[in-house]
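Chemist: Using the working numbering, read the sequence shown as starting at -13 and increasing by one per residue.
Worth flagging that the hints you see were computed from the coordinates, not collected in a lab.
Careful: at least some of the hints might be erroneous.
Below, computed lysine to aspartate or glutamate pairings styled on EDC-like, alpha-carbon distance capped at 20 Å [as the list claims (entries may be wrong)]:
1) 627 to 687
2) 366 to 582
3) 279 to 261
4) 627 to 572
5) 452 to 425
6) 80 to 117
7) 718 to 748
8) 17 to 701
9) 264 to 192
10) 672 to 698
11) 20 to 582
12) 300 to 339
13) 428 to 392
14) 80 to 119
15) 264 to 297
16) 187 to 128
17) 255 to 265
18) 231 to 192
19) 271 to 309
20) 255 to 309
21) 114 to 183
22) 76 to 119
23) 264 to 320
24) 672 to 687
25) 300 to 223
26) 264 to 301
27) 279 to 265
28) 543 to 565
29) 372 to 336
30) 80 to 128
31) 624 to 701
Keep in mind the model is a prediction, meaning the values are calculated, not measured.
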Amino acid sequence: MLALRLPRCHPHSSRLIHTRTLRTVPPRIPKYIKSWNPTRHDAEQRRAKTLPRPVDTRDERFKHAARTNDPEPPHQSPTTGGEEEGAENKTTYKARGRLRHLLAIAGSPSVCLDHIRLPLWRAYCFAKLEDQEVMSRLDYREWDIIWTSQAVETFSNRNRTTHLERLYEDMQSVGVTFTASQRTDYLEALYLNGKEEEAIKGWDADYFESQVEPLKDQDAKHLATGVKLHALVGNPDRARELMEKLFGLFPNEFQTIMMLVFRAHTSSKIANHHETAKDLYDQIKARLGATMKFRDYHSCFVGFLEARMLDSAKDVFRDMVQDGFLATSESKKDIQSTLAELHMLYRLGENIETMTSIALDAIECLPPSYHSHLYFDWMKLAVVVKSPEAATQILNMMYEHGTVPETVHFNLFLEALLRTEESPRVLKAENIGWRMIDEAQKLSASNGTPQPSDPGAPSDPDAPRKLPVADVTTVALIMHHHAKSLQWEHVDYLTRQLNSTSIAPNHTIMNVLIDNKVRKGAYADAWAIFKQLTNRTEKDSSANVFPNGATFRHLWKMLRLALGDETSRFDPNLPSPRDLLRETVEWWTLCWRRPDAERFRMGLAAADKGAITSLMLHCFSYAQDLPGSLIALHVLRKHFKIFPTAKVARILHGQMTWVDFSRESSSVRGQYFHSLSNRQSFNRIKNIYDVVLRRRLGAMDPEVASKMTVEEVGDAGLNTLSEFVRVVMALKCGAEMTEELIEAARLNVGFEGPTGDVSAIDMEWGQG
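With the sequences and hints as input, model every part of the structure.
Modeler: In structure tokens form, the structure reads like this:
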């Protein structure tokens, strides 16, 4: 007989009604940190097929309304043939007269064409619908008025390119001769409507025909259009050749078109094009001169970032600072713009060498008020790449260049030393950390507040080096270090000092406090700390800590250890696995839309993504909650892109065959585990899984299976486990009860999504 147990909580019991909701929100991301990364630009993206712009359906609705609202539609008239012809002539005359009237208004020089653009287009469409000869009755001046009105480039003219393409076809059908400007507008519209090859071929045909005679002034726009088309389609050599000819014939026209040619070269994957881009940047600066604006510099800057040309990007950044476009004042807008460009430059700082190059160049050209921020970003990368030597050099450089290190810099320095776990460096970190804490205690005893240093005022490099006062992160780093060494006297002392101050907590100290309680076995206290610091109320606004991914990893570890301990397994002050899973889902709902959501996900999953899966499944295993285990697997897949592995199947096998002997004597437990009953139950469960797996593999097309992506393979494995869980549960409590239990677990957790590709009721029995 299977050892499967029903969940300890009934499907709709009040125990599973969620009584707590996360009341804090994640901190805002600074505006200068952009989520867009230009260094991930692919040259093929610029050549991607442009989707046609949607046609404004209001035109179609207008034509339909014009037909249905006509008092005497021609096809519904019961009169004689002569009367039908008279009614038709009346409708045609009405449509033609309205078009003539609007054309007369639009022809006035005092009328704004953008205001009359839409009524004129609707009148034109209505007249064309009612009178097939109306196009042949229009003269050149009237065609020009219609074209000019639709060619207006405004935000409200959403269907400009679509209208111009249709208008061009109508004019061509009646033999109207086009001007060079109209032909140019049409080719641009054709390209923007997704017909790139047709636009390029049409322009090339025009260009080679025009070589018979010298280009006229009115053809400058046509030649500039050719430069644009070839640059946008990804032909940098051809675009540069045409640009040089354009500037040779019209040296003072279309200066900004060089930017398109420049971006075509930086988007290319050919090294020679990148070298040419450097020359083009110099030409842009020479031609535009004093008229060069910030958007021109920014476009060149982004182009070099796309091409991953670090030296050139640094040159543009330096030019923006020297020419007065960045770091010109202490205004918030100017600071945000400067830091935004700087952080985009950081995208190329993938290792400590390149980041050092970026930081040194930026320190050289930026005012001293930015140096503290630069050193912080530089040292943060040194911590990530685990380079304590680099962190030490950066800190020494700050003193040598007259920049006073702040607490945030020393916190990163301490973290870099502690991560090495080397005795000399760890002892050095302890010494510095405790001295910073002593400085904070002295300041607190004197009822003073730390005076922030002026980042714009350089300090004396020869002055004695003073340590800044510790903050809550400093205390958390030292406390966590001593807790790992089980030096609880230091931990308790720091905890008392922290409680005696009014320092606002953060997620770092919260994680350390939770971990300390878990190490001591005080699981309920660990959960109480989490609830206290994340349960913001009007009375206690200090409890405003938003947990990160590591917080929930600590909580799942806490619950795993608590459920494995017989003394705390049934503690009512601890959450159930479903409660904690729902808390995790609600937390992720607040994070997943953020640009830095990957940082939260990595904090939860860590480097070994299977670790969090094992923690969750073991928690549900102790609670004998098989439906909860199934929901947990689907939560991990949908929200965190974590797929089950072969280890997950083994954990489920153990959960299904596990028998609770926590209240039995050791002799009874020994007799069971040494008997054949345990082995037989495990083998039976394993055989059921093998049958489900073979059935699914047999139903799969080998050719389709060979082309499956990693995500599709993961989904197939998850669906196999979902069916396996349903089969085992159905053998115990029936198919309908199985689906009720799974649905109840899904609602308790707050998960929205499928829980498998087949239900227990729809499964085929007796096969395989």
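Chemist: Mind listing which of the numbered hints don't hold for this structure, in increasing order?
Modeler: Failing hints, ascending: 1, 3, 8, 9, 10, 16, 20, 21, 23, 24, 25.
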